[in-house]
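Number of protein chains: 2
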Amino acid sequence: MSQIDSKAVFEYLQGLQARIIESVELVDGKTFLHDGWQRPEGGGGNSCMLEEGNVFERAGIGFSHVIGSKLPPAASVAHPEAAGRQWEAMGVSLVFHPRNPYVPNVHMNVRFFVAKAPNKKDISSQHLGASQGGEADFSQTAQQVRQEKYNEANTGTAPNDDEDIWWFGGGMDLTPYYGFKEDCIHFHRTNKEALSTFGDAYYPQFKKQCDEYFHLKHRNEPRGIGGVFFDDFNALGFEQSFALLRAVGDAFTQAYLPIVQRRKDTTYGEQERDFQQYRRGRYVEFNLVFDRGTLFGLQSNGRTESILLSMPPTVKWRYDWKPEAGSAEATLMTDFLIDKDWV
Amino acid sequence: MSQIDSKAVFEYLQGLQARIIESVELVDGKTFLHDGWQRPEGGGGNSCMLEEGNVFERAGIGFSHVIGSKLPPAASVAHPEAAGRQWEAMGVSLVFHPRNPYVPNVHMNVRFFVAKAPNKKDISSQHLGASQGGEADFSQTAQQVRQEKYNEANTGTAPNDDEDIWWFGGGMDLTPYYGFKEDCIHFHRTNKEALSTFGDAYYPQFKKQCDEYFHLKHRNEPRGIGGVFFDDFNALGFEQSFALLRAVGDAFTQAYLPIVQRRKDTTYGEQERDFQQYRRGRYVEFNLVFDRGTLFGLQSNGRTESILLSMPPTVKWRYDWKPEAGSAEATLMTDFLIDKDWV
Numbered sequence: 065m066s067q068i069d070s071k072a073v074f075e076y077l078q079g080l081q082a083r084i085i086e087s088v089e090l091v092d093g094k095t096f097l098h099d100g101w102q103r104p105e106g107g108g109g110n111s112c113m114l115e116e117g118n119v120f121e122r123a124g125i126g127f128s129h130v131i132g133s134k135l136p137p138a139a140s141v142a143h144p145e146a147a148g149r150q151w152e153a154m155g156v157s158l159v160f161h162p163r164n165p166y167v168p169n170v171h172m173n174v175r176f177f178v179a180k181a182p183n184k185k186d187i188s189s190q191h192l193g194a195s196q197g198g199e200a201d202f203s204q205t206a207q208q209v210r211q212e213k214y215n216e217a218n219t220g221t222a223p224n225d226d227e228d229i230w231w232f233g234g235g236m237d238l239t240p241y242y243g244f245k246e247d248c249i250h251f252h253r254t255n256k257e258a259l260s261t262f263g264d265a266y267y268p269q270f271k272k273q274c275d276e277y278f279h280l281k282h283r284n285e286p287r288g289i290g291g292v293f294f295d296d297f298n299a300l301g302f303e304q305s306f307a308l309l310r311a312v313g314d315a316f317t318q319a320y321l322p323i324v325q326r327r328k329d330t331t332y333g334e335q336e337r338d339f340q341q342y343r344r345g346r347y348v349e350f351n352l353v354f355d356r357g358t359l360f361g362l363q364s365n366g367r368t369e370s371i372l373l374s375m376p377p378t379v380k381w382r383y384d385w386k387p388e389a390g391s392a393e394a395t396l397m398t399d400f401l402i403d404k405d406w407v
Numbered sequence: 065m066s067q068i069d070s071k072a073v074f075e076y077l078q079g080l081q082a083r084i085i086e087s088v089e090l091v092d093g094k095t096f097l098h099d100g101w102q103r104p105e106g107g108g109g110n111s112c113m114l115e116e117g118n119v120f121e122r123a124g125i126g127f128s129h130v131i132g133s134k135l136p137p138a139a140s141v142a143h144p145e146a147a148g149r150q151w152e153a154m155g156v157s158l159v160f161h162p163r164n165p166y167v168p169n170v171h172m173n174v175r176f177f178v179a180k181a182p183n184k185k186d187i188s189s190q191h192l193g194a195s196q197g198g199e200a201d202f203s204q205t206a207q208q209v210r211q212e213k214y215n216e217a218n219t220g221t222a223p224n225d226d227e228d229i230w231w232f233g234g235g236m237d238l239t240p241y242y243g244f245k246e247d248c249i250h251f252h253r254t255n256k257e258a259l260s261t262f263g264d265a266y267y268p269q270f271k272k273q274c275d276e277y278f279h280l281k282h283r284n285e286p287r288g289i290g291g292v293f294f295d296d297f298n299a300l301g302f303e304q305s306f307a308l309l310r311a312v313g314d315a316f317t318q319a320y321l322p323i324v325q326r327r328k329d330t331t332y333g334e335q336e337r338d339f340q341q342y343r344r345g346r347y348v349e350f351n352l353v354f355d356r357g358t359l360f361g362l363q364s365n366g367r368t369e370s371i372l373l374s375m376p377p378t379v380k381w382r383y384d385w386k387p388e389a390g391s392a393e394a395t396l397m398t399d400f401l402i403d404k405d406w407v
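Chains A and B, in that order, give the protein sequences.
Those letters in the first sequence? Residues 65 to 407, by our numbering.
Those letters in the second sequence? Residues 65 to 407, by our numbering.
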């Protein structure tokens, strides 16, 4: 595999966070709070939050960088040979909850993981200013699930101690409260075009993975109209895989902000607002019951407020509620939250 | 062990649900919606809900009765010898979210589980009107966790095929938004007195178990001011163990409703209402991330709307919020949500 450059990824991710914040502040008119934090076990982050904005009721975007001295087998599902190695994980994650119910909610995440080759020098973190502390406290439940996969995957291949093990992951997905075909098409088309440089196979593959991941099993409902999602990605070598990550990260503002501009001044009333808050309950249910990143973070002594950047500002639950047949609210379920090719 | 009487427990639980509903309707002035349902795999329930009441913004109380033909090892942690048996589970569970922030939230649950002796006749369910369907779809994750405990516990003791295996479980806990010592003392004293008939050891033991269970690890916060919690209880033989369950169930209205009467007309403003909705976020986090019953239900194809009777009507999240030192909101944390003997 090609030589990796963690520093370049680190700098890209920090820059991406800054650029997204700048664009969102231009749209909203209000500025983000910046909250830097250090992780006692090694690493740290920068959690940025805009609350009670003009356009966004709660918009969180976090950068985090975590270093560990010894990767638990549980954390190396796809690469069991990485167990025990020094490791480094970094990413940018965002969830934006707009105020106007006609503006869809959005989620985006881009991340990089590396398990350092033991025969090479230690991960150099001087550019990060972070200590190399102990390993994370991986939860028993996640560990058991992953241990099983590890056992399946561990076919006895000897690791190459001279090579780093690394991969990229990420994606974005859109969750409207009121559906507009042109918005869905725009969001998916932007993602498809961003990936097209790397071949035509990636968009359909990543779209499918997105639909599968963001599915609420207990409701048998998709979370939204999907997007793209990938993990464990290193198929193109470091340079081109990193370029693919950047293509997705860089496409975010173009995929989402034009939709915000188009819908943010739409007139709405109590009914739309109520439906938005009811649907946000599904977002909470997905993130707290199913989302691997959220559960892993909460169960492994992560920084709770940074993990829960994704929570909506206001949410409502009510018993066994169903929209009136034929209403705009019913149409969301029948015409948008379905398995569909948007482009 | 003494002869069990499932029918008597079934009738007690149905009666308890009816009596609590009657008492709450007297306090609120509005009536509950009754929603009966059948489980395709066997059993069913009655989910009752009062929404947008005068005193209660969302008050859910469910009765459920589930039958299975073959108990998975995963579901018989404390009694591995029960695996493979016909089984029956029944319970009443409630969570009440009052509108006035000065009225605390409350949770109560009483339940009975039995794994039938193979050498006796099948569980007779003619009094229940329920089919004896297939076993539940136990989730892989829960199964793995329990399988491990099963392996630990399975010391090779041969099961006695002539005896039913059964136990009771339950308890209640109080979650105030604004603390009042007399309310905490009343709630705990009522529980202590209810249990005193059975000896002085149960209240402190069940209080401790309650504090341990209703703890938000990711916040390092207790959910509320506690109460009592017990599980796998059959120590007194069927008659007296059932009597203990009834003592807890029957104590509920006396433990909670006088507090409601005392606080429901307290004047409050936007600030108290806001704090209440913020704190309700903790309730959501506990129930969706940690509560075993909720997770088990959602992951095992349970009836989602009945499981989520516990969700608050409205909730708010905001970033890294802390109450002003010395305020009533801060006092909740410093003087009430602490490890304390209230009686």
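Careful: at least some of the hints might be erroneous.
Said to hold, decoys possible - Computed cross-link-like contacts, DSSO-like style, restricted to lysine-lysine with a CA-CA straight-line distance of at most 27 Å: (1) A/K134 - A/K281; (2) B/K71 - B/K184; (3) A/K281 - B/K386; (4) B/K281 - B/K245; (5) B/K272 - B/K256; (6) B/K281 - A/K134; (7) B/K281 - B/K184; (8) A/K328 - A/K256; (9) B/K134 - A/K281; (10) B/K386 - A/K94; (11) A/K245 - A/K328; (12) A/K245 - A/K256; (13) A/K71 - A/K134; (14) A/K184 - A/K71; (15) A/K386 - B/K71.
Hint data in this document are derived by calculation from the structure and do not stem from the laboratory.
Within a Cα-Cα threshold of 27 Å, do A/K281 and B/K386 meet the stated pairing?
35 Å, violated
*27 Å Cα cutoff - pair A/K71, A/K134*: With Cα atoms ~20 Å apart, A/K71 and A/K134 stay inside 27 Å; holds.
- Task: Given the hint that B/K281 pairs with B/K245, test it: the Cα-Cα distance must not exceed 27 Å.
- Result: Distance ~25 Å between B/K281 and B/K245 Cα, so the pair holds.
For the pair supplied as a hint, A/K184 and A/K71, confirm whether the alpha-carbon distance does not exceed 27 Å.
Status holds; Cα separation ~16 Å.
Verify the proposed pairing of A/K386 with B/K71, using a straight-line Cα cut of 27 Å. 36 Å, violated
message: Against the 27 Å threshold, does the CA-CA distance of B/K272 and B/K256 hold or violate the hint?
response: Roughly 12 Å separates the two Cα atoms, so the pair holds.
Given the hint that B/K71 pairs with B/K184, test it: the Cα-Cα distance must not exceed 27 Å.
-> Roughly 16 Å between the alpha carbons, so the hint for B/K71 and B/K184 holds.
When you check the alpha-carbon spacing of A/K134 and A/K281, does it fall within 27 Å?
34 Å, violated
**Q.** Pair hint outcome, A/K245 versus A/K328 [Cα-Cα no greater than 27 Å]
**A.** The given pair, whose Cα atoms are some 16 Å apart, holds under the 27 Å limit.
Taking 27 Å as the top limit, are the C-alpha atoms of A/K328 and A/K256 close enough? Since the Cα atoms of A/K328 and A/K256 sit roughly 25 Å apart, the hinted pair holds (cutoff 27 Å).
Notebook entry, point to check: Are B/K281 and B/K184 close enough, with their CA atoms no more than 27 Å apart?
Noted result: 44 Å, violated
Check your understanding: Taken at face value, is the distance from the CA of A/K94 to the CA of B/K386 at most 27 Å?
Key -> 22 Å, holds
Of the numbered hints given earlier, the model fails hints 1, 3, 7, 15; all others are met.
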